[in-house]
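Q: Its first residue numbered 1011, the sequence shown is counted upward by one per residue in my numbering.
You may find that some hints are simply not true.
With a straight-line Cα cutoff of 20 Å, these simulated SDA-like cross-link-like pairs (lysine to any residue) come out [as the list claims (entries may be wrong)]: (1) K1184 to D1233; (2) K1120 to M1040; (3) K1116 to R1138; (4) K1247 to Q1180; (5) K1125 to I1027; (6) K1108 to D1085; (7) K1108 to N1154.
Rather than coming from a laboratory, the hints here were simulated on the basis of the structure. Just so we're clear, the structure is a prediction, and the values are computed from it rather than from any experiment.
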Amino acid sequence: MKGDFMRRILILLFFFISFTLSLPLLLIGMLIGKFNRYLSRSIAGYYTRYLAWGLMALAGVHFVATGMENLDPKDHYLFVSNHRGLLDTPTLALYANKTLSFVSKKEMAKVPILKQWMDMLGCLFLDRKDNRSAVKTILKGIENLKSGDNLAIYPQGTRSRQDEFLPFKQGSFKLALKSGVKVVPVAIKGTDVVLEDNGFNVKPAKVYVHFFEPIDLNTWDEDSKKHCATIIGDQIKAKYQLFGDCTL
């Protein structure tokens, strides 16, 4: 109990210090972004990975990460992952080893400071209840992918609960089909064990993450393209079920 309390204190202290340091860095990054979008995004990307590393280390996460050798450092991708918990995003940011933009729910745009950092990263805010707005977001994502961004999305649309594995939605894959960018399927397990399963009290656990080989959907036949969400979702689900126990 005492160890859990100290862990929470250290995490809060880490976030307070990081937040304080982030404000001048954010202003510098926003100014640079007016002249050099790539450099501005790189600053945001490095800072995101620093936060992810600090948070996961203090939370006592033990990663079992595989498949990073499948990623070409010079290429850019659409990362599609199953969604277990809030810590999926820092897990992807850490192990993709790229500056990642994320497709996030629109509510995230209401959080001050966080929104500005996400804007610097090139993140997109999706309103699933407004079809017209959602189409604009997807079109912007296609444009960003064509420009060389790495984009990550959770095609299940929301976090899976317990042992359920929600189906992947076909609309997410339009980003790859229309941009011509390869898809990297990602399987994640254990982030919910660290956080959500404990009423958002941090608990040390194993987190598994695997990056599959990139897939060029535009080499698939038309029938396979129409069902690519199911095909790739099943591939990720099969890997997820092979992961071991997450408890330490």
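Q: Look at each hint and say if it fits the structure.
A: Here is how each hint holds up against the structure:
A distance of roughly 15 Å separates the Cα atoms of K1184 and D1233; the hinted pair therefore holds under the 20 Å criterion. The suggested pairing of K1120 with M1040 holds, with an alpha-carbon distance near 18 Å, which does not exceed 20 Å. Distance restraint check for K1116 and R1138: the Cα-Cα separation of roughly 8 Å lies within the 20 Å cut-off, and the hinted pair is therefore satisfied. Our distance criterion of 20 Å between C-alpha atoms is met by K1247 and Q1180, whose separation comes to about 16 Å.
Among the hinted pairs, K1125 with I1027 is consistent with the structure: their alpha-carbon atoms are about 19 Å apart, no more than 20 Å. At roughly 10 Å between alpha-carbon atoms, K1108 and D1085 fall within 20 Å of each other, so this suggested pair holds. Of the supplied pair hints, the one linking K1108 and N1154 holds, its CA atoms being roughly 15 Å apart against a limit of 20 Å.
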